[in-house]
Amino acid sequence: MINAYDVIETIKMIDEEHLDIRTVTMGISLLDCIRGDIKQTAELVYDKITRTAERLVPTANGIEAEFGIPIVNKRVSVTPISILGGAVECEDLTPIAIAMQKAADTLGIDFIGGFSALVEKGFTKGDLRLINSIPSALTATERVCSSVNVGSTKGGINMDAIKMLGEIILDTANRTADRDSIGCAKLVVFANAVQDNPFMAGAFHGISEPETVINVGVSGPGVVKAALEKHPDADLTAVSEIIKKTAFKITRMGQLVNNLASERLGVPSGIVDLSLAPTPAVGDSVARILEEMGVGTCGGCGTTACLALLNDAVKKGGVMASSHVGGLSGAFIPVSEDEGMIAAAESGILTLEKLEAMTAVCSVGIDMVAVPGDTTADVISAFIADEIAIGVVNTKTTAVRIIPAIGKKAGDTVCFGGLLGKAPIMPIKTASPARFIARGGLIPAPLHSLKN
Amino acid sequence: MSATTSKAIITVIGTDAVGIIAKVSGKCSEYGVNIIDITQKVFENTFAMIMQVDTAAMTVSFVEFTESMKATGKELGVVIHATHEDIFNAMHRI
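Each protein sequence line maps, in turn, to chains A and B.
Counting along the first sequence from 1, when you hit position 244 you're at 243 in numbering that gives the first Met the number 0, and nothing is skipped either side.
Counting along the second sequence from 1, when you hit position 12 you're at 11 in numbering that gives the first Met the number 0, and nothing is skipped either side.
Certain hints may be false.
What the hints assert, rightly or not - Below, computed lysine to any residue pairings styled on SDA-like, alpha-carbon distance capped at 25 Å: (1) B:K6 / A:N258; (2) B:K22 / A:D14; (3) B:K73 / B:T4; (4) A:K11 / B:G31; (5) A:K395 / A:A307; (6) A:K11 / B:A56; (7) A:K11 / B:E29; (8) B:K69 / A:P69; (9) B:K6 / A:D5; (10) A:K11 / B:I93; (11) B:K73 / A:P69; (12) B:K6 / A:A307; (13) A:K244 / B:I93; (14) B:K40 / A:E8.
To be verified - Just the calculated beta-carbon pair ranges, DEER-fashion: (15) A:I7 / B:G76: 17 to 25 Å; (16) A:N2 / B:A56: 37 to 45 Å; (17) B:V78 / A:V56: 22 to 30 Å; (18) A:G299 / B:A21: 52 to 60 Å; (19) A:G299 / B:T4: 45 to 53 Å; (20) B:E66 / A:G35: 30 to 38 Å.
Said to hold, decoys possible - Calculated from the model, a selection of chain A residues having no Cβ within reach of chain B, i.e. all distances over 12 Å: (21) K38; (22) T105; (23) Q254; (24) T394; (25) L449.
Keep in mind the hints are simulated off the structure, nothing from the lab.
Where is the CB? At the ideal position from N, CA and C, for every residue including glycine.
Take the sequences, apply the hints, and build the full model.
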């Protein structure tokens with residue numbers, strides 16, 4: 000019989016330490032929905048998504064009940080819509096976003112990702128249409144998520160795209176100003192975006208993926224923190240071991256859910272994204288893990304080193320627990336979605352500059368930060384460029400999800416509710432980078448030798 | 000690593016009272032669930048029981064069974080989880 004201690008440990012992880020599966024995400028290819036007419040394309044998109052993912056929510060709910068594992072979100076990711084957008088005879092792709100929203104409503108899923116474009120080396124006709132449609136698409140929908148990949152280690156950085164996105168983000172913020180500029184919380188700008196990511200806002204179904212696939216994103220910062228609390232004086236080698244063991248257990252659960260969902264839906268099993276994804280709930284915070292490791296307040300000196308250890312140990316522990324690891328695997332550090340990060344930002348110890356440094360060692364990037372509403376498009380673009388450069392040069396995924404909170408200033412708060420949480424508005428440097436951004440062009444891909 | 004067995008684990012944790020085991024095993028019998036093993040202890044008034052059961056001949060769906068167990072727990076003032084065994088195997092066995 001199973002060891003009683005193990006049983007109690009698992010039950011405790013779920014009941015008291017917020018262990019959950021953050022998302023079961025079904026990836027769906029829309030390549031067979033490409034038509035010349037936007038109305039027809041939108042109809043095909045709706046039909047294909049609702050037909051393919053019809054049983055996603057009931058199946059996930061069944062697994063949740065049977066195995067006692069909370070599955071917080073059910074999501075769908077689709078082929079980057081810019082690929083469909085190249086064929087249609089019109090500039091505005093919002094009708095496709097609306098079809099995605101309608102499909103999400105019909106299915107009862109939480110988010111749908113893939114209103115996306117990959118432009119690190121330049122734009123296609125469809126890419127430009129997609130980017131220009133983002134503000135209206137994100138205003139007209141609630142569950143549709145958008146992402147644009149603007150840089151890669153092999154391709155370099157598309158500064159023309161970054162310039163456009165500064166303006167697009169500001170436009171989106173203005174159009175959703177009555178809702179704390181929430182449109183921007185559903186838009187992420189990437190470097191080295193991954194094709195099998197189950198997490199939002201950056202999920203899309205890459206063109207090298209199969210027709211349909213099941214990807215699972217795990218969570219569990221509370222479990223890691225609880226494990227560390229039992230060893231307040233352990234040295235950092237021991238801390239790393241504890242995190243690895245915990246990550247292993249969390250990921251095994253993710254792999255089990257992935258296998259079950261794939262089997263029951265008759266859809267190939269994709270990857271497990273072994274991430275520590277926080278929520279705004281107390282006891283579900285990545286920042287609090289860093290503080291448990293001994294950094295007084297997240298954002299203080301030592302934070303980057305602790306995060307580097309955490310991120311690496313999570314990957315090492317998780318890798319062996321899963322048949323296929325992928326996505327964004329590691330520790331996420333969104334501000335508004337993490338109770339400890341919110342507190343650290345409110346205290347003024349966690350600044351945007353420190354966050355930027357932390358993103359050199361975390362799993363993704365500067366995520367869910369709110370800045371004053373009067374921030375200029377040039378500053379937003381330059382802020383993105385800095386973050387993208389870190390990813391491109393260091394061969395890692397980085398991203399920016401920034402919310403210019405229209406009508407608000409540093410020290411105020413924006414509130415999105417649910418998993419998106421609330422964010423204190425952080426001061427951002429206002430010195431004008433206008434001349435840099437106006438230059439445009441491509442920053443060439445970095446050299447891969449002479450590393451120092 | 001997928002659902003391979005029909006075995007489930009029932010855990011009962013809470014304040015000790017008369018008739019907890021009787022009630023839980025009564026429910027199992029009602030649904031055609033066979034008890035394979037029971038570990039039970041009382042630590043200073045806290046009742047803890049772990050029960051391994053076989054659901055192969057169960058007359059209701061697993062979801063209905065877990066819901067019914069949860070409700071039984073509420074009646075008794077204890078917390079009852081009924082969970083497929085595979086989650087514990089996945090997490091704790093290599």
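Practice prompt. Report the numbers of all earlier hints that the structure fails to satisfy, in ascending order.
Written response: The structure breaks hints 3, 4, 6, 7, 12, 16, 20, 23; every other hint is satisfied.
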